[in-house]
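Generate the whole structure from the sequences, applying the supplied hints.
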Amino acid sequence: MRNQSKVRAFLDGLRAGKYTGVGCYPTFFLMSDGDTLSYEAACENTWLIARATRDGDSSGWAFEAFDVNWEDGDMVCADTGKRIESAYAEPEPMPDAFFDAFIECALWSSTECDEDGNMGSSLDEYYSADDIAPETVAALRKDCEDFWEANYALLQRTEADDEQNGHDFWLTRNGHGAGFWDRGYGEVGEELSKAAKVYGSVDLVVCDGKVCS
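Under numbering that gives the first Met the number 0, think of the first position of the sequence shown as 0, with each following residue one higher.
It is worth saying that the hints were derived from the structure and are not from the lab. The structure displayed is predicted, hence computed values, not measured ones. We put the beta carbon where it would ideally sit given N, CA and C, even for glycine. Only true hints are included.
Within a straight-line C-alpha distance of at most 27 Å, the following computed BS3-like cross-link-like pairs (lysine-lysine) qualify:
1) Lys141 - Lys193
2) Lys196 - Lys81
3) Lys196 - Lys141
4) Lys17 - Lys81
5) Lys141 - Lys209
6) Lys81 - Lys141
7) Lys193 - Lys81
8) Lys81 - Lys5
9) Lys5 - Lys17
10) Lys196 - Lys17
What follows is a set of in silico ranges between Cβ atoms, one per label pair, in the way DEER data are often shown:
11) Glu39 - Ala88: 17 to 25 Å
12) Ala177 - Asp56: 36 to 44 Å
13) Asp56 - Ala137: 44 to 52 Å
14) Gly22 - Asp207: 47 to 55 Å
In structure tokens form, the structure reads like this:
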């Protein structure tokens with residue numbers, strides 16, 4: 000009976016939604032092994048969790064509690080590796096240093112090609128951030144802000160500075176020979192690498208004197 004009541008409590012949590020009806024506070028799911036799951040991960044694994052809870056197994060997928068994340072800004076979903084939103088401990092806005100380093104690395108690692116497709120010098124030899132088209136800057140900034148917010152807790156766990164993390168976001172998303180995965184961060188580096196690759200690669204080219212994507 001106790002397991003059945005826990006299954007009902009889990010399903011009630013799903014029905015309650017990602018945010019509470021009163022106050023719109025962000026919620027999370029606590030599992031039997033102490034790990035936390037986001038609302039999205041719980042929805043995606045509904046029947047796995049329900050069965051594990053019903054059977055009382057020790058796989059770690061059994062549900063324990065549904066609650067509000069009040070102040071834990073470092074809470075991460077054990078399934079996706081992404082930060083779980085909190086009510087009162089949201090991450091600081093993306094620092095300029097992160098984006099500036101991202102752009103610096105983008106120009107350094109990109110090359111200008113001639114009409115025959117032959118690779119020339121790195122873009123940073125002749126172009127700076129001021130030469131990037133406004134629409135390209137806006138698109139790249141949005142990617143950086145999204146990545147920073149979604150992976151804030153993981154980025155803090157690298158203990159690297161903002162410049163290094165900005166460089167590594169560009170390198171990793173574009174599949175270069177360095178990035179989050181080879182900095183000695185262990186599982187954190189692996190999770191950041193997976194998160195970065197979701198954004199896909201970006202090719203910078205020169206069009207009418209402006210650097211565009």
